[in-house]
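Peer 1: In case you want the letters, here they are:
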Amino acid sequence: MGCYFYLLKLHHAKMEINLSIKAKSLKGLIETVKKNISLRSIVIISIVLSIISTTYFFFNDQIVTYGDAESHLNIAKRVVHSITPGVAQIGGIWLPLPHMMLVPFVYFDFLWRTGLAGSIVSGVSFIVSSVFLYRITYFLTKDKVISFVSFIIFASNPNILYLQSTPMTELVLIMFFLLSTYYFIRFIYNSENIIYLIIAAFFGFCASLSRYDGWFLVLFEAMAIVVLYIGKRKFWREMEGKLFLFSTLAFLGVLLWILWDYLILGDPFYFTNSQFSAKTQQQNWYIRGELPSYHNIFSALYYYFVTSLSNSGFLIFLTSIVGLIIFLKDHFKEQKIYLVLLILFVPFIFNVATLFLGQSVIFIPHITPNTFEWTLFNVRYGVMMIPVVTILFSYLLTRRSVTTYFVLALIFVLQFMLYFVGYSDVITLADGTRGLSKAERHDAEYWLKDNYDDGLVLIDDYARTVSIVRTKIPMQNIIYIGNRKYWEESFNQPEKYATWIVMQRDDAVWQGIYGKPHIQSRLFKYFNKVYTSPDILIFRKIRTT
Amino acid sequence: MKRLIAILFLVVVSTILYGLTIRGFEGNPFSDKINRNLSESPGPFESSHERAPYALTYSLVENGSFALNKELADFASPDTVIKDDTFYIIFPPGISLLAMPFYNIGKAYSAAQLITFAGMTLFALFNLVLVYTISKHVFSIPTNLSLFSALIFGFATTSWSFASSLYQHHTTTFFVLTSFLAAWLYKTRLRTKWIWASWIWFSLGISVWLDYPSVILFAPIIFFMILSSLKLKKVGDNFKIKIILIPLITSVIFISLAAFHGYYNHVNFGGWKNLAQLEPRYDTKLLNETTDEKKLDEIAKAEKTKSIEGVATENQFFRGFYILTIAPDKGVFFFSPILLLAVLGIVQSFKVIKKKLLELITFSSIFFINIFFYSSWGDPWGGWAYGPRYLIPSMAVLSIFTVIWLWINRHNIIVRIIASVLFIYSAAIATLGAVTTTITPPKVEADFLKLKYGFFNNWEVFINGKSGSFFYNKFLDNYVDLTQFYSIILIFISVYGLLLLFIKTSSRKDGN
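So the protein sequences, as listed, match chains G and A.
Residues in the first sequence are numbered consecutively from 1, following this note's numbering.
Residues in the second sequence are numbered consecutively from 1, following this note's numbering.
Worth flagging that the hints you see were computed from the coordinates, not collected in a lab.
Be careful, since some hints might not be right.
Claimed, not checked - With a straight-line Cα cutoff of 25 Å, these simulated DMTMM-like cross-link-like pairs (lysine to aspartate or glutamate) come out: (1) G:438 to A:309; (2) A:351 to G:330; (3) G:496 to G:454; (4) A:240 to G:31; (5) G:27 to A:237; (6) A:187 to G:16; (7) G:34 to A:237; (8) G:24 to A:309; (9) G:525 to G:460; (10) A:240 to G:16; (11) A:83 to A:71.
Stated by the list, open to error - Over 12 Å on every C-beta distance to chain G, these chain A residues come out as not near it, computed from the model: (12) 119; (13) 237; (14) 311; (15) 334; (16) 340; (17) 416; (18) 422.
Note that beta-carbon positions come from the ideal geometry of N, C-alpha and C, so glycine has one too.
Okay, chain A solo, but in the shape it has when bound (with noise of 0.2 Å):
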């Protein structure tokens, strides 16, 4: 009943932060006339990245059509394709396709922007549940320690500016968590392998429609369920092999998912294998900047010849994995230095949770498969974001190693003090993200542009009193200045960490 609670506790509690949090205003853009410029920062649609998801979901939602007319392509612009004189959204469909239903939630509010984006903050909050599960059940790490893994995540990664946001990567993690834990009861449970077999295939099916680089993040978890589908013993003289095959039987979701995916692909772009990013860039801003002819033909022709090949090789690797650790605009440990913890938690944990050996590689290797893909990706910055957002999914995992390492050092006071200042100073970083805004550049546009980078940007912004949060905007920001709203918000997590960080921790039940 306790333990009940306080996951309430905590899912009321993050409910409350990222309502605080929400961008938006109210409204319904493009069906009412809204008088305002949609894309002014900081503000819900000031990224391309948000823009296009939603006027995707607009387009599905009231002209029923994959196509985008042009009002709407030239608001999602960038992130528009053209194909034969169509104009499409240049990401896969998925996230747009699960706003939907939210859509017209919001639609009949008149808050379908906010509605929409608030559709997405629910994948954030099971997240937080996921991550907590995953660390009490499958690591069996104490009730309070499982909370703060949890409230790392939630608040002090910058995880949380894109939980109340139309970008992919929450739902990402989404299917990720959920299919880890489907492989781990697939391997512990007797009679219920078929469903989570199935959620597993089902989670890998819908990633290819949400973010297709996503897809490479499932491998540990299907070797995981592979492997806990071979069973060796020996029985007198005879060494017993035991091949469950429920996961190739149910392997024909994720095929049917894939097929259907290439059926898109088909209709909208020619070929099964044709996705949007292939096709020529829609780019209004530069159509309208560039003048020389000569030079729009040579852009023209280099976005009718791209290509997939080269989008991620060993050359990029160094300068990406740079980027994405430690990098002043990028880094994940510059900008959530707790989770520095949790590189320590990967090394020992081997060492000391000798019975969850297996659950530990293919929960790391999430970790490690994620951030070797994208340091080696063409764009390991993810364009003008707050902190290093592809690597979300490895917050979540790094979060659950961080209080590992607690954990296994819980009798250590320093340790506790360490983590204490790591985490507020992270939280800090998170939270500054969450209040301001997700569009920040990286050093090398901001050196170009003459601009700040990373939360140096924002930090610009928030002393500037400029916030993206609906609420703040709409309710508070005559009784409370930003700063006041921001410290709320800070002592409020740092007091909530604390204590779940200092309440005595038990002991793990299973043993080693």
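Okay, chain G solo, but in the shape it has when bound (with noise of 0.2 Å):
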């Protein structure tokens, strides 16, 4: 500091303190900062970021912590350690691209058991996605600065951070959405350039292998193709080409799952129409008269938007829509910026579409009726929006006056201090630590793992009823559903291949074999029950010597 104050007095008289500061000192340091702001320097944050959130999260034990990213981690291991490894065990429900970034970590049991597997492929998505929203915004702003700060406000998000931790697959479309954006936005500017077309096309294709809002994504930048070239002379010639060329690309990761879906399940549609699929869970809550959104414009735009707002900061929420007032205003006559907060907001199209449709439920405690069973479920959903909400936060940097940069560093150090306080949960960590989406943690499983022995073990894997990560049983002597051949003959024959049957009230193998008096009686012929508790059963295999 020394060399920028040289001159510090304390006039007693008058209680004050002057401070002066060379102007070239002061030039020389901002100079500095912006000179060191860079993809590099952005990169190490991003990394350092990341190693010190999962170690504290891997230390707290709370990588693990959502019933689903568990699943992840079991669908990936599948691929390479089970009692039918292949790319079939990828499934039909769930989109494979996360899965198949897991495969090579989660051969390795210590990253599979802890999750850390996860935290790799998330963590580098992670990295990338800070480094694309950077270049979005600058590609916007053309400003290093504002650039830095949207990367920093996405970069410190708690939420961000503890998901970038975890195996769920959020980060991983954050990652191809940004790409695909990025790319999308430069040939929306640049339309002769067909490279960023292709390689938009490229990361469209990985988003929509990823999650289905990457479905939405390949179909608006589709759409935005053809508004692109509206009014111009030649429309139809100019459009053809680039909109065919771009199709045939990202829509190939949607005709791939369908063609895969058929050939592995039988059904094209099996995503959506399966008993596991999430249209089918929502069902449910349709029944229970607990899906407030269906067929409810209204309450799918305000759940979603209070989800976004939750995930995003409230602060820097609400900041971000004076930012998008602001954005709209500076850039009202340029047709093209419409295209790209058209791109941007696809997540927000997509979530509220869902809900409507009733494809998918959010429950938040900020508007969900406490009459409600559930007050906490899927609210992960509105990270997709963090991005667009911190390049709209610092676009308003774009005013350059002393009051917006103060204000704004104020949002930011109160939005901090609302998580601090406790006032703001970090609200996907809440999730899976108190909500639906928590993986629920029975005695059964504590029971399991201080008593297996060994032998294949039989279990309804979708009804979650013992961690299998948090046992020490082996994936590959795990008999499941996608063991077709083990699990259908086990129905018949329970002691054919499993030297243990666990079982939960109502589950797949509850019904199959202890709902079946014929099957139940074989049950008893040859296992004992080690284990009982209200809803689940444990049946070992009787001892032969």
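Using the hints, put the two standalone chains together into the complex.
Peer 2: Next up, the structure:
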């Protein structure tokens, strides 16, 4: 500091301190900061943040809090370690790319059981996302500092930091979303360069194989290509080639997935028709009268608005609305900017649409009635809005006034204070630790961990009776619905393969074995009931000498 | 001179209006035998929020103790807590301490309750003058509109219902407004900075004694003062930064007052951080009605584990925001739609009055923080009360922004017509509350108890001819009915307001 402050005087009589800073030094300092803002610095900062937060959540045992987090790990693990290993274990509901990215890491038992395999994939996605968020902001503002602020807001968001430490798939989608968006924006402003379009299509293809949000992304990008050429003299001739070029690659993922479902599971729309699909799950909520946004557009908008706000940070989100107004005002006559915003807002459109159609459900304590059985579920869907919120928040810095800088800095600090004093929850962590998304830890799990010795275990993995990663059971010793031959035969002859049978009231194993008297008698002939609780039974094959 | 007469006229008129609607009765409760149910509604002690501070004032004067005896504890219940078999009121003792001199005067004239309540009216009157002063001098709004802003705050918002009672809101508003004014004077006056900084810290310290959450309303004012203490200018090749240390030195006033309050907590509740609110509540009604021993145990257990955690959370914000803004039982804009113009005023003022940007940010922040905090509060309704009582400081702020908007659009006659209609409607609602009762159930409770909520409840009290006004009940009841009494007051306010609104508005002196 000594080089910047060369004079410090305390006037006793006036009770004031006078500081003097060399203008050159100050300018130099600002220049130094600006100079040091580079992609390399962003990568370094995001790596550090990623490692720190993953370490924190690892030592707090919060990497695999979500039930879905373990399922993602297990799906990937079965590709390499299963009684019937192979790519078919990927299944037909969740899209395959995040699981394929996990495969090299879950091969190692330590990384699989701790969930760190997922942390690596999500962590890398976080770093790439940070870089491309910076690049998008820079492209829109041509200002390094604003872009850096956008990155900082994103990278310091506690919900992002938590999810990037887990095996959840949101960060993977954010990465492909930002990659595709970045190149697509470049294409919008330079439509002669088809390389941008091809790259955007490729990452759109990746997004469409990561989460279903990606399907909307490629659809809206395709629509944006059409809109881009509307009004041009040779509309069809100019648009046709670009649209087909983009669509061929971008929609390939969607096509492949439908084909996969048809070939492996016999129904091209298995992902939405199956009993395990989100749509089927929503039916149960609907029957209970707890699907508030179904065919209610205002509720759908309200729910996703509040969810986005809670994920982005209360103050940051509200400020970004001001940013959006200023952004629109600044680019009022710029037609292309509307296409940019349309693409950036795809997550909003997608989530509102799926809530409205009853394809998904969000419960958030802010607005979900207390009369509902659960008031916290699926709130992580809101993280998809964080990138656009950070861009719009930092956009306000284009108003180059000390007051703006000061107010924005104050809002940023206050937002952290709201988290610190417990006013705001890290809502994605709350959902994983006390919401419906939380992986239930039954007493049976601890019992099995202590008593499992060896042999195959028949279990309905979908019912999540016990956490496989938390027991010592190797994945290759598990018989679940995906090991079709073993699974089906076990329902007629439970003793044929399994040494252990774990069942929870009304799950597939309970219904298929315990619920059928003739199979139940066979069960008791060959197995001892070794663990009983009101809802969970564990059987072990009778030892023969 | 004209201006002085105008202010005097405002003060006289306001004193009359507050006097006409002051709730109470003759005599010295507890000292004298008063042949009436003290807690009856409408009446001065209809709410435990009024009974509890009064009970403490009585205890302080008559018994010299912060602890209440059993009779006073029963009177103040359920706003009473119990600590080591000793009763205290649940609120900080500031209001009761402020009321002591008024109680003593009133007692001498056998009107202890009336004068104690009237003492609080002084703060409401000061607030009207402060609203006028801030509007006129800080934001340079012409005299007629500045007077109109005071009239809005005083008689077109539900602040009126709490102007002659022992609620803390007008005193809090007084300290917030004076602090804002002091912060502005701190910025603009070179020689008297010490005085203004001292007053700000003193007000903050006093607010700790009055109402804990109101302390956060001072945050933007403190920021304003700190920013005004930093001067940056470029001299040659250097940036000169001057940091005035007065705020740092004078902060000792706040620290002393806060420390003294900590000592009060230590003596009475066993620790400097132990607040009365966290002690088990003594609720006579609940105790009498609950016969199940098990349930009583559960209540006792819950009361013993109260914590400050989660009193304000993001989860509660959306519900609270709706309740405090537009809900029919509590919404500030439902009760006082004239204040909707203030929202437009906030937006437009930033564009038009650019020279006062820092003042505008600070002043509007008081409103934003107020509504943000209480929207997140577990009980945004403020119990059974007429309108959103927690937003009374905001009503003062919004009254000024309303006239800022009127000034910005002064050449548009439609604007004035709209303002007139909204003003009369708001005044009608405010007057209804002032002449009837302050205890009005929120919708959630009203639905359960099969009662009416919001001003619909007051309307029912009104058509039944019941009034809490001392003046009406004592002197006018035999001559005019309540409708006539109400109409006279409303017509008077409306005429006064319209005159102020339609006087030709001069230009602001300092331009933009």
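Peer 1: Confirm or reject each hint.
Peer 2: For each hint, the structure was consulted:
1. This hinted pair checks out: residue 438 (chain G) and residue 309 (chain A) have alpha carbons roughly 24 Å apart, not beyond 25 Å.
2. Pair hint residue 351 (chain A) plus residue 330 (chain G) holds up; C-alpha atoms about 16 Å apart against a cutoff of 25 Å.
3. A threshold of 25 Å between alpha carbons decides the hint, and for residue 496 (chain G) with residue 454 (chain G) the separation of about 15 Å falls inside it, so the pair holds.
4. Annotation: proposed proximity of residue 240 (chain A) to residue 31 (chain G) holds, straight-line Cα distance about 20 Å (limit 25 Å).
5. Proposed proximity of residue 27 (chain G) and residue 237 (chain A) is supported: the alpha carbons are some 11 Å apart, at most 25 Å.
6. With a C-alpha separation of about 15 Å, the suggested pair residue 187 (chain A) and residue 16 (chain G) falls inside the 25 Å cut-off, and the hint holds.
7. Distance restraint check for residue 34 (chain G) and residue 237 (chain A): the Cα-Cα separation of roughly 21 Å lies within the 25 Å cut-off, and the hinted pair is therefore satisfied.
8. Restraint check for residue 24 (chain G) and residue 309 (chain A): not satisfied, since their Cα atoms lie roughly 49 Å apart, outside the 25 Å limit.
9. In summary, the hint linking residue 525 (chain G) to residue 460 (chain G) is supported, as the alpha carbons are separated by about 21 Å, within the 25 Å threshold.
10. Restraint check for residue 240 (chain A) and residue 16 (chain G): the C-alpha separation of about 13 Å stays at or below 25 Å, so the hint holds.
11. Pair hint residue 83 (chain A) plus residue 71 (chain A) holds up; C-alpha atoms about 16 Å apart against a cutoff of 25 Å.
12. Non-interface status of residue 119 (chain A) relative to chain G is upheld: no Cβ of that chain comes within 12 Å, the nearest being about 36 Å off.
13. Consistency note on residue 237 (chain A): stated as away from chain G, yet its beta-carbon is not over 12 Å from all of that chain's, at 5 Å minimum.
14. Distance check for residue 311 (chain A) against chain G: the nearest CB is about 10 Å away, which does not clear 12 Å, and the non-interface claim fails.
15. For residue 334 (chain A), the requirement that its beta carbon stay farther than 12 Å from each beta carbon of chain G is met, with the minimum near 20 Å.
16. Separation of residue 340 (chain A) from chain G is adequate, the least Cβ-Cβ distance of about 20 Å exceeding the 12 Å criterion.
17. With a cut of 12 Å on Cβ distances, residue 416 (chain A) stays outside the contact zone with chain G, its closest approach being about 29 Å.
18. Non-interface status of residue 422 (chain A) relative to chain G is upheld: no Cβ of that chain comes within 12 Å, the nearest being about 26 Å off.
Comparing the model with each numbered hint stated earlier shows that hints 8, 13 and 14 do not hold.
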